Each structure stands twice: as C-alpha cells, then as structure tokens.
Amino acid sequence: MALITFLSDFGTTDHYVAAVKAKILEVNSNLKIVDISHDIESCNLAQASFTLNAVYRDFPEATIHLVAVNSSTGPNDKFLGLKLDGHYFLGNDNGLWGLLSANEASQVVNINSIKPMTSTFPARDILAGVAAKLASGSTLSDLGKPVKEYKRLLGRISRATKKQINGHVIHIDHYGNLITNILQEDFKVLSKGKAFSIKFGRETVHHIQNSYNSVDSGDAVLLFNSLGLLEIGISHGDASKLLGLKFDSPVLINFEE
Amino acid sequence: MALITFLSDFGTTDHYVAAVKAKILEVNSNLKIVDISHDIESCNLAQASFTLNAVYRDFPEATIHLVAVNSSTGPNDKFLGLKLDGHYFLGNDNGLWGLLSANEASQVVNINSIKPMTSTFPARDILAGVAAKLASGSTLSDLGKPVKEYKRLLGRISRATKKQINGHVIHIDHYGNLITNILQEDFKVLSKGKAFSIKFGRETVHHIQNSYNSVDSGDAVLLFNSLGLLEIGISHGDASKLLGLKFDSPVLINFEE
Amino acid sequence: MALITFLSDFGTTDHYVAAVKAKILEVNSNLKIVDISHDIESCNLAQASFTLNAVYRDFPEATIHLVAVNSSTGPNDKFLGLKLDGHYFLGNDNGLWGLLSANEASQVVNINSIKPMTSTFPARDILAGVAAKLASGSTLSDLGKPVKEYKRLLGRISRATKKQINGHVIHIDHYGNLITNILQEDFKVLSKGKAFSIKFGRETVHHIQNSYNSVDSGDAVLLFNSLGLLEIGISHGDASKLLGLKFDSPVLINFEE
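If you read the sequences in order, they're chains F, A and V.
Just so you know, we're using our numbering here: the first sequence kicks off at 1 and counts up by one.
Just so you know, we're using our numbering here: the second sequence kicks off at 258 and counts up by one.
Just so you know, we're using our numbering here: the third sequence kicks off at 515 and counts up by one.
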C-alpha cells in the first residue's frame, strides 16, 4: 500500500482536514496519511510548491501527494492526477505542477471525468476517494481519462554568469531563515579559487559556513542547506525580521577575477 | 477495528494531546487515531459542536469520537459514552450531545461507573482507555452502567416562513467565511420561482452562486456549502473582517410575492 | 514494533516535520509515529524537557522518543541514543537528558559513529533512520559506539524545609495555567495538620482544591495536577496574564506551627 501525503491551506481549526481523511479511510481504513502542512497561506501557490518540492522526494517512490491549495473551483475547473518523477500528485489544474519539477508528467488524467460531479469541497468529494483508490492498487488510467495539456507555472530561477549569480528569496521558514533559489552546484562551478562577495539587504558577506553553529549568536550565517539552496540565517535569531528581507528580496553573489 | 477521532481545546503546544494518544495506544498499539482539531477555543461548546457535527458523518459508522472540550470537571461531573446516529461519542455530560443531532442517543452509559475515579486530566485517565477498549471490540454495556438522563443543549436553528428565512452566523472558518444555519432544503422549498433578497450587515444581495470562483476577486459570494448551509464569503478575501460580521450576526432572506 | 514519538521546534508551516517522517517511513512504512508537539520555542530546552517529561511515561516501555530541539549543529556536535527509565531517546548531546530524569541512562551510544556524516538537517539525515531501525528491531549497540560521558543539564528543583516550600513556575500551558515545581509528595509530608499560606505575585491563598470546577469563574484555583505538581489557574481565565506571572516566577508555601 502506498503512502498518501496531504498538503493544504485548510488550517487546523476547522473540520476540513479531518473530512478529507475520513473519506480516504472510508475507502480503506488501513491507509497511512502523512500531513505535510495545512498552514499554507490561502491560495499561495509559491509557498505550496516550495514546501511540496522540498519534501516529496524524501518519500518512497509511488507515494501519492494530495494537494488542496486554492482548491475552491469554478464550474469549468479540472482536477488532475499526474505521475511525475516517480510520484503521484492529485489536485487542481492550477499551474502548481510546473513549479514542482522541470520534467513533464509521464501521465496526466482528469480525475473528475468518469462520473463528473460539482462540489464546493472537491478535496473531500473528488480528491480523497481517488487518493484512496490509487493507494489501494488502482492505476491512474482506472481513475480518469487522459489529459493532453495542463497548466504549468514557471518558477523564478536564479541567473548565473561567470561573474555573478543573481537570485532571490523564495521561502522564509518558521525560524525566519531566508531560503534562496541560488544553487550549490552553480556556486561550486563558478567559485573555484575565486574570492566572492554576497550581497543582500544592506549586508555584504564573504564566507559560506557548513553549519549554523559555526558563528556566534546574533551573527549572520550563510550555508547551502539540505535542499542544496543558499540559506541566510541569524544564529539564534530571526533573519527575516533582523535583516528586513522577505519573499522575493534579491540576493547577489559577485565573483572576483 | 474502529477508528477513533479526537477533538479538543488542548492546543498543540503542550503534552496533553500526546498523553491521551499514549494511553489509547498503550491499550492497543494498532489503533488508528484521527485528529479533528485541537484548536477549539477553551470551553467553546458551540464551536466544538459545529466542528464535530460538520465531519462525524464522513467517518465510517461505529467510529468512536473522543471529545475533550471543557473537560475539566467538578467532583460530581459525569463522563458519558453515547451511541448516536450509528456513531459512538465519549466525553463530559456537558450538553454538547444535544447540539450534534436532533435524534436521541440509542444508548448512554456512565463510563466512570465501573471503577469510579477522580482525575484532573479525565481525557487521559478516563476517556482514552474507554475509547481504546471500544475500538478494540468492547461494547458500551461492558464499559459503563446505563444512564437515563443526560444534558442536551439545543442549537440555535433558523426560522422559516413563506416570506422569510431568519438565520444567524454559526461559524467563522479559517478563511473568514461565514457559515449560517440557513438550510438549503428550506431555501429550495420556499424560493420556487420567486425573487429574493439576502440581507447581512450592510449588504443586500440577490444571487446565490454554485462555486467560489463564480465572482470576481473581492466580491461577496453566497453559496450552499458542502454541509447544505448558506455560506457567505468574499472571493480571495476574509468575509468576517471585510463585512464586520461575527458569530451570531443575523442573516435574513426575504422572498418576494 | 515500538512506537516512535516526535518532539521538535520545527513548527508546522514548513516541510521539516514531514521530511523526518518520510525518512522513517522509507525504512519501514508500517511504523507508527505520534507527534508530541512541534511548537516548542526555538531552542527552548526547558520547555522541551518539561513537555517530554510530562508525557513519556504514558507511552509503553521501549517507546522511541525522537527529539529535534536546538538540533542545528556544529561540526563537533554529537548525536546520542540513550536508554533511560526503560525508554529510548534520540537527539543532540545538548544536556536535555539530564532534565528528563534523575536517573542515569543505562546505555548511551553515539548514533553518528558508524558511518559519520555532517548534515544541516540531522533530524532527517541521522535521527530518522536510527529511530526507524530501533523501532524495527535493531539494538542501540547495533546503531552506534558506546559513549561514556554526555551533557546533563540540571533542572531547577524546589527546596523544602519544615517551615517552607520554595518553588518556581516551570511551565505555562496553552490555557495560561501556571505549573510549578512544587511536589505533591513534599506538600503531603510537610502539611500534616498544619495551616498554610501560598504566596505568588500579589496573591496569598490558603486552600488547595481537587478540581478546576471547585471555584467560581474568575477565581484562582490551586491544585496538584496529573503530574503531581502544584498548578495555579484561574477558573475560565488565563492565570498567566491575569496574575502577571511567568516562567521562573517564585511560588512560596509557608506552614504555620
């Protein structure tokens, strides 16, 4: 039996999360559901895609990821089941899937095509049942008709030249750490033997650490995190507040000749 | 094995939720516990009953619903196990059960009657063990002596005449959507072929939509939600804040002749 | 199969909690993980140790407690697996273990000694796999080399004489209740037949209740809670705010001769 993960902007105060789980467990009470987060800001696809992207590969292949963000829907909206990078994804046709991977889905079906219905709570009424059946052994082809085109938003990527990497803050975490879209692999290739300066807000730093505890409390610490992305923190402090940086703030690395 | 759901006002910062789960799993580590919410406001029975009512029917019949809201207790307080509408409910004799269903419980037992104890943490010390045993195959009769009378608070219901439905806001969700006690079935019967106006706060609207995305961002959207209740939202906005409505605010539908 | 509990300061907004669970379930998808809390304040070892201490004994013996608080790490930091009071604990060598129990661990191993690695996300990359293997039947000896010394912070304990018990607030819970380090057993021994006064903030009280509902709404209620510790609350109110007390505020019991 495959695992099911669940990511939403439902919050944890209402009955919404439990209603979706109830419908999954009604199909098969042995299924295992792992919450990713339900604290995504309402309709924030950038935050949802960052969060899912940061974790889905940690799950076993063929895990089913149910995503209910911006899931209220108009009468013509589609619900998709995708196979992408060896994992299954279920959710709206809202563009999120293009932000998850540069690869195209190997299979896409309309999961509201066999017995089409309208619902004001599609995560419960459409996605939950499909997730449960898929986890219990059904195939995507069993669950919907093939779809040729789907929306793919494109994520903001950093630009790298020989002299410079030009990136942005793409996520601020619970601790206030600033996660950028600057890739460790780009930095490795371009930095060989060169001095460099990293600029963000009013700061300029010349070092990248290997761990948060390499600097004193209150000092800025830059490191490549477990996702291979440049992260800016303040040791035992909230970098976002202390540095005044937020989502989309620019971060620049200049390499000296 | 039956599922156990868990609803409380314990919050998620302390050890309280985990302590109850530990005691359930100590009896039978194969049991499955589904959190409904632990963010009910302290002692808010209206919120607790709305939330449980909105979701319990989504679970399979014979699911066991453990409720710890306002569960601190005086020396004479009772703890009940009820069978109601095919589901089991465990909690204080605090009136909540009358808010859940118009039906009477088919069975009610005092679950602190066989080896009575006092505890400042009854959810852990009384409810958890009973939930675990019930889910593992015991019957209510095994777990307590029959009770003839129990407290039943009555929920505020909407009043419907040929000319008017007179309701109230009974819940504000995580998004700020206002959920009323106006029933879709009442509206269907009374609205046939008639024009109508819906008044709430300073607004008067004349249309009910089928989906949140039927209106432009920032506009009010009224629809009958997945619970069959009239819900007032603002597309991509917080209706409670923007309209100045809150719990118990009146909502009125007038039908023209 | 043993249960795994999970306590962290990761919050619930990011992917961190799910990433650790993914790595546990990748080893063995049948394992059961129970969240204790992920809302510990960043790096607050006092809060983490109170919370874990308050609940770990409610779990069956041999449960595995994964703790990721202050888990960012310098290059020389150690990760430990301990057997203590019949339970297993996994986490940093940050002193927390001394706060959990007056007993010494019966076994301690360095769980990053067999294939040592550095990681900016050790809960995912080191602790999760060890927890999964331990829960699936491995022994501590399989998972790391023995460690002779480990950090043990000492908790603040109350001082008791014949005339006085001198304690402090050690935790403020979700309701604002103040939990002190004054032990019920000390009070029992010293109070025999004597009148007493309890002083905290500007208040002096002369009674200890058996339940929260023994006093009127708005009145202070003192009782020995389910942990055997003196707790100060306000019936249907937030004691911390209303009394102006916080972590470490003194609470004094004087016994009259």
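Note that these hints are calculated values from the structure, not bench results.
Every value quoted in this text rests on a predicted model; they were computed, and no experiment measured them.
No residue lacks a Cβ here, since even glycine has one placed at the ideal position from N, Cα and C.
Mixed in with the good hints there might be a few duds.
Said to hold, decoys possible - With the C-beta cut set under 10 Å, the calculated list includes, among others, these residues of chain F facing chain V: (1) E26; (2) R57; (3) F59; (4) F121.
Claimed, not checked - Covered stretches of chain F (in silico footprint by chain A; criterion: 3 or more residues with CB under 8 Å from a CB of chain A, positions within the stretch not fixed): (5) 29 to 43; (6) 143 to 153.
Said to hold, decoys possible - With a straight-line Cα cutoff of 20 Å, these simulated DMTMM-like cross-link-like pairs (lysine to aspartate or glutamate) come out: (7) K402(A) x D334(A); (8) K32(F) x E540(V); (9) K498(A) x E41(F); (10) K289(A) x D382(A); (11) K289(A) x E41(F); (12) K592(V) x E663(V); (13) K592(V) x E618(V); (14) K32(F) x D549(V); (15) K592(V) x E41(F); (16) K133(F) x D216(F); (17) K677(V) x E618(V); (18) K78(F) x E361(A); (19) K420(A) x D443(A); (20) K289(A) x E26(F); (21) K390(A) x E717(V); (22) K241(F) x E41(F); (23) K289(A) x D762(V); (24) K241(F) x E555(V); (25) K340(A) x E406(A); (26) K133(F) x D315(A); (27) K133(F) x E41(F); (28) K546(V) x D35(F); (29) K755(V) x D334(A).
Unsatisfied constraints (hint numbers, rising): Hints 1, 4, 6, 11, 15, 16, 17, 18, 21, 23, 27 and 29 contradicted; others consistent.
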